[in-house]
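Q: Respectively, the protein sequence lines represent chains L and A. Under full-length UniProt numbering, think of the first position of the first sequence as 1, with each following residue one higher. Under full-length UniProt numbering, think of the first position of the second sequence as 1, with each following residue one higher.
Among the hints, a few may not be true.
Here are the computed lysine to any residue pairs in the SDA-like style, where the Cα-Cα straight-line distance is at most 20 Å [stated by the list, open to error]: (1) L:K42 - L:H60; (2) A:K135 - A:G145; (3) L:K42 - L:P72; (4) A:K27 - A:K135; (5) L:K27 - L:T123; (6) A:K135 - L:Q99; (7) L:K158 - L:P41; (8) L:K135 - A:K27; (9) A:K135 - L:R121; (10) L:K27 - L:R121; (11) L:K135 - A:Q99; (12) A:K158 - A:E9.
Quick caveat, the hints were computed from the structure, so don't treat them as lab data.
Okay, here's what each chain looks like letter by letter:
There are 2 protein chains.
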Amino acid sequence: MTAYTTNPELDLVLERTVDVAPELVWKAWTTPELIVRWFAPKPWSTSSCEIDLQPGGRFHTVMRSPEGEEFPSDGCILVVEEGSALVFTSALGPGFRPQVAEDGFPFTAVVRIAPDGAGTRYTATAIHADASARKQHEDMGFAEGWGAALDQLVDVAKSL
Amino acid sequence: MTAYTTNPELDLVLERTVDVAPELVWKAWTTPELIVRWFAPKPWSTSSCEIDLQPGGRFHTVMRSPEGEEFPSDGCILVVEEGSALVFTSALGPGFRPQVAEDGFPFTAVVRIAPDGAGTRYTATAIHADASARKQHEDMGFAEGWGAALDQLVDVAKSL
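Next up, chain L with everything else stripped away, as it sits in the complex (with noise of 0.2 Å):
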């Protein structure tokens, strides 16, 4: 993995062990068809999805709200680690362009998987610029909306 330190008053930590292979949850976080089944927690969802998997492609998502208000999203992909490690930031767009964020905060996320017995440990890490992102991130509903996804990428990975 690449030199990145988490540090417990700026960041978000989302860890859990999970059912399913380590192979189709990369699958299911590398896959436009796959993230669109599961990236939204419903009742919102996810109407489209572009990815260029490598650093300086495209992270695009465009989520849907239960009243179909849709809220596009392009970030930029920073580390491709087949089957362990996805980085990207919503600090840069595509070719790493800065873009300023549109939700207010710009933060970095960083995906990790790892085999866990039969299953995977899952780690996703919020990286932020200081504490009041944090915060802001955090009473978004970082936990539960994080969680909610992954709840719904697991179906999603078992039904493959």
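Starting from the structure of chain L, add chain A where the hints point.
A: Structure of chain A alone, referenced to chain L:
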């Protein structure tokens, strides 16, 4: 080279052929003890430099004004292609942590080095979020500053 595209309305480019070998240009760009000798256009100087040459690693410099005022700057390395490409950004700090740019606008620097006869085709691109950041960087003297620093880099490379 990883995915990125230059947009002339948003980006600034310095492109020049210099009469030193590509491996010396690479060495001058990636060795802290050499960076301090050329990075700041005179009469400014660089009082210290730290480089952790891997994606997520720190790119740190402290520039010193002729009056002795110091201006530290921290960036994050994104791409290292030995001898040919170095990409780093001020939109992220070490470990891919989002950060607020101290001088008001973040940018990503793409330095490309390619053989050109016995010399080097050198291309430095500054990638901005929008046209106003591009203009701000241009007005700060991007072309003159990066050009003068390149002249200093060539002198350092010739001394090796």
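Q: Run every hint past the structure and note whether it holds.
A: Hint check results:
no.: 1; hint: L:K42 - L:H60; result: holds, 19 Å
no.: 2; hint: A:K135 - A:G145; result: holds, 15 Å
no.: 3; hint: L:K42 - L:P72; result: holds, 17 Å
no.: 4; hint: A:K27 - A:K135; result: violated, 31 Å
no.: 5; hint: L:K27 - L:T123; result: holds, 16 Å
no.: 6; hint: A:K135 - L:Q99; result: holds, 16 Å
no.: 7; hint: L:K158 - L:P41; result: holds, 17 Å
no.: 8; hint: L:K135 - A:K27; result: violated, 42 Å
no.: 9; hint: A:K135 - L:R121; result: violated, 47 Å
no.: 10; hint: L:K27 - L:R121; result: holds, 15 Å
no.: 11; hint: L:K135 - A:Q99; result: holds, 16 Å
no.: 12; hint: A:K158 - A:E9; result: violated, 35 Å
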